[in-house]
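Participant: One-letter residues, chain by chain:
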Amino acid sequence: AQRVTQPEKLLSVFKGAPVELKCNYSYSGSPELFWYVQYSRQRLQLLLRHISRESIKGFTADLNKGETSFHLKKPFAQEEDSAMYYCALSGEYGNKLVFGAGTILRVKS
Amino acid sequence: GAGVSQSPRYKVAKRGQDVALRCDPISGHVSLFWYQQALGQGPEFLTYFQNEAQLDKSGLPSDRFFAERPEGSVSTLKIQRTQQEDSAVYLCASSLMLRSNYGYTFGSGTRLTVV
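Each protein sequence line maps, in turn, to chains D and S. Each residue of the first sequence is one higher than the last, beginning at 1 in my numbering. Each residue of the second sequence is one higher than the last, beginning at 1 in my numbering.
Worth flagging that the hints you see were computed from the coordinates, not collected in a lab. Just so you know, these numbers come straight off a predicted model, no measurement behind them. Be careful, since some hints might not be right.
[What the hints assert, rightly or not] Dumping the calculated SDA-like pairs for lysine to any residue here, alpha-carbon to alpha-carbon at most 20 Å: (1) Lys22/D <-> Gln41/S; (2) Lys57/D <-> Tyr102/S; (3) Lys57/S <-> Arg3/D; (4) Lys73/D <-> Leu10/D; (5) Lys22/D <-> Ala101/D; (6) Lys65/D <-> Gln2/D; (7) Lys9/D <-> Ala83/D; (8) Lys9/D <-> Leu39/S.
[As the list claims (entries may be wrong)] Partial pick of chain D residues on the chain S-facing surface, computed with a CB cut under 10 Å: (9) Lys9; (10) Leu46; (11) Arg49; (12) Ala88; (13) Lys96; (14) Leu97; (15) Phe99; (16) Gly100.
Glycine included, each C-beta is placed from N, C-alpha and C at the ideal position.
Assemble the whole structure, with the sequences as input and the hints as a guide.
Facilitator: Below you can see the structure in the form of structure tokens.
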């Protein structure tokens, strides 16, 4: 079965501090991992995909198959990063995404 | 349209009432997905269409839930005899590609409250 775990409901950091949003997954095959973000009063949108190995808005995420993790990181948090972040997984043959419960990131000034 | 459009934005239904939720995907998007998001939870998969074909409906919680996309564009999610546990935000997403690995574009959702 596919499962995504985001252990923190809320992560509160000060502006300029490093951020790490944790995501662990359970999947027996080769997963595709994503981070989606939802800013206040906006729709859910794709932040980044592990297959593209990109950095978006200063965020990066590395797939660690040994630890079955896909943590989202940013070296210096900004107030505009405050949002709900969802980690999601897609199986290698599937189309549907399995989402974690989400982590609220609050960046304080 | 420029994005995925869902209507209505809010729906209040009395228990036992039937409801229909509409999704207008981005023009030309082949794949269309419905998700249910309960309060404090992440979205949970309901069903998936590739054009007009419903290829996966494994996430529909009961036979009271029915989805269709007859012409491969607009989709309707119908819930019959609504129950309080059906209260949630229903999200529609579409994708140009057949697979999810390029990411979806989500609509704003329909918030259903069953009273």
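Participant: Compare the structure with each hint and give your call.
Facilitator: Hint check results:
With a C-alpha separation of about 16 Å, the suggested pairing of Lys22/D with Gln41/S holds against the 20 Å cut-off. Only pairs whose Cα atoms come within 20 Å are accepted, and Lys57/D paired with Tyr102/S is accepted, the gap being roughly 18 Å. Our distance criterion of 20 Å between C-alpha atoms is met by Lys57/S and Arg3/D, whose separation comes to about 18 Å. With a CA separation close to 15 Å, the supplied pair Lys73/D and Leu10/D stays within the 20 Å bound.
With a CA separation close to 12 Å, the supplied pair Lys22/D and Ala101/D stays within the 20 Å bound. Distance restraint check for Lys65/D and Gln2/D: the Cα-Cα separation of roughly 14 Å lies within the 20 Å cut-off, and the hinted pair is therefore satisfied. At most 20 Å may separate the alpha-carbon atoms for a hinted pair to count; Lys9/D and Ala83/D meet this at roughly 12 Å. Taking the CA atoms of Lys9/D and Leu39/S, the gap is near 13 Å; set against the 20 Å cutoff, the hint holds.
For Lys9/D, the interface hint holds, since its Cβ comes within 10 Å of a Cβ in chain S; the closest pair sits about 8 Å apart. Contact between Leu46/D and chain S, as hinted, is supported at the beta carbon level, the nearest pair being about 4 Å apart and thus within 10 Å. With 10 Å as the threshold, the beta carbon of Arg49/D comes within range of chain S, its nearest partner Cβ sitting at about 6 Å, so the hint holds. Look at Ala88/D: its Cβ gets to within about 8 Å of chain S, closer than 10 Å, so that hint holds up.
The interface hint given for Lys96/D is met, as the beta carbon of that residue sits about 4 Å from the closest beta carbon of chain S, less than 10 Å. Because the smallest distance between the Cβ of Leu97/D and any Cβ of chain S comes to about 6 Å, under 10 Å, the interface hint for this residue holds. For Phe99/D, the interface hint holds, since its Cβ comes within 10 Å of a Cβ in chain S; the closest pair sits about 3 Å apart. A distance limit of 10 Å between C-beta atoms decides the matter here; for Gly100/D the minimum to chain S is near 5 Å, and the interface restraint holds.
Violated hints are absent here; each numbered hint is respected by the structure.
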